[in-house]
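**Q** Same order as they appear, the protein sequences are chains A and B. Okay, so the first sequence: first residue is 1 according to our numbering, each after it adds one. Okay, so the second sequence: first residue is 198 according to our numbering, each after it adds one.
Calculated from the structure, these hints are not laboratory results. Every residue gets a Cβ at the ideal spot worked out from N, C-alpha and C, and that includes glycine. Treat the hints with care, since some could be wrong.
Coverage of chain A stretches by chain B, computed from C-beta distances (three or more under 8 Å per stretch; other residues unrestricted) [said to hold, decoys possible]:
#1 64-75
#2 80-91
#3 169-182
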Amino acid sequence: MSQWKNFTKGLIKDNPVYILLLGLCPALGVTTSAFNGLGMGLATTFVLLGSNIVVSLIKNLIPDKVRIPSFIVIIASFVTIVQLTMEAYMPDLFDSLGLFIPLIVVNCLVMGRAEAFASKKDTLSSMIDALGMGLGFALALTMLGGLREILGAYSIFGIQLIPGVSDGMLVFVLAPGAFIGMGYLIILFNYLKKKTA
Amino acid sequence: MVLTLFLVTAAASFTLATVYNFTAEPIAQAREAKRQNAISQVVAEFDRLESKNFLPPTGGDSLEFNFAYLNNELVGIAVNTWTNRGYSGRITAMVGFYPDGRIFDVVHLQHKETPGLGDKIEKGKSDWSDQFKGLDPASANIRVTKDNGDIDAITAATITARAYCDAIQRAYDTFEKHILSQTKEKGGLEL
């Protein structure tokens with residue numbers, strides 16, 4: 001598999017949220033606006049990149065029996081780094097995402113890529129895999145967040161689409177809207193996957 | 198095996214300690230800036246702040262009172278108040294009072310209310326909280342109209358509105374008990 005394919009597979013063909021159905025908890029929970037989705041996606045990308053690099057570097061040093069606990073410690077460390085850095089330098093983003101950052105530890109996407117990819121492949125491939133998967137995740141969350149924001153608040157990235165009208169279809173801001181929106185996006189991505197395959 | 202796991206956790210702890218050392222200062226600054234910003238929104242212009250904690254008469258955690266002075270004259274009191282009656286747990290807010298007890302303004306600090314419904318307590322989301330401006334809790338009834346009060350509730354988020362009123366009432370009760378009642382006896386505010 002070429003590195004280009006390795007990179008682009010996360011966007012549509014193996015999109016973590018809509019095709020692999022990984023990391024649904026943050027995908028449903030934080031996507032009340034496009035901005036929140038993008039922030040969460042980029043934070044996860046950073047954790048994924050860090051953990052994939054470290055795991056692929058030390059994969060030969062870690063005995064099989066303790067590899068899962070070791071991976072969890074590595075991932076949790078990166079999550080804490082993201083949390084501290086975000087609170088220090090991006091307090092506004094931290095206000096809206098802070099609650100969900102610790103949840104990246106249990107995001108099966110990060111654990112899944114460490115176990116299924118980084119612990120078997122070389123560092124460069126793992127880095128590219130992490131970037132592709134992370135951007136796919138960020139794309140997925142931004143799309144779902146954007147969809148919910150457009151329908152729920154008639155705005156996108158906080159910019160009003162119809163001046164003076166801010167009360168959209170409330171259901172899309174609430175939890176059920178996340179499931180409805182995700183369902184339609186899953187349909188779209190499966191259609192795109194079939195078309196490109 | 199045990200050694201490997203030990204080494205992994207030791208390396209992780211060391212890294213985290215380093216990052217913590219680097220970010221501790223900016224985090225403290227960011228939190229302080231947030232607090233200062235909230236205070237400056239709810240009291241008139243000031244050049245000096247003094248903080249003191251008071252226990253609310255209704256029980257529970259103490260409230261932080263920030264006395265704001267301009268040229269050594271008290272211009273307002275910003276009270277960091279809370280309620281546990283929110284729809285999703287605790288809500289904290291900053292309530293600003295004029296020295297005579299009227300409300301200057303109210304801003305929320307933290308909440309986990311429903312996006313699109315309860316989050317209308319936020320200043321940026323709706324002008325709902327503007328109705329507290331200038332109210333005197335001594336004469337006005339800080340409750341939602343459903344509870345025979347003077348505050349219009351938020352449509353579809355009465356519980357949140359009720360909780361916000363509870364937080365403001367707690368701030369006023371504490372203010373009344375520890376400061377207003379005493380200044381009336383002395384005939385002036387001396388702190």
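**Q** Hint by hint, say whether it matches the structure.
**A** Status of the hints after comparison with the structure:
1. 64-75: Three-residue rule met by the stretch 64-75 of chain A, so holds; n is 6.
2. 80-91: Our answer is that it holds, as 8 residues pass the Cβ test (under 8 Å) against chain B, meeting three.
3. 169-182: Satisfied; 3 residues make the cut.
Violation of the numbered hints given earlier is absent; every hint is satisfied by the structure.
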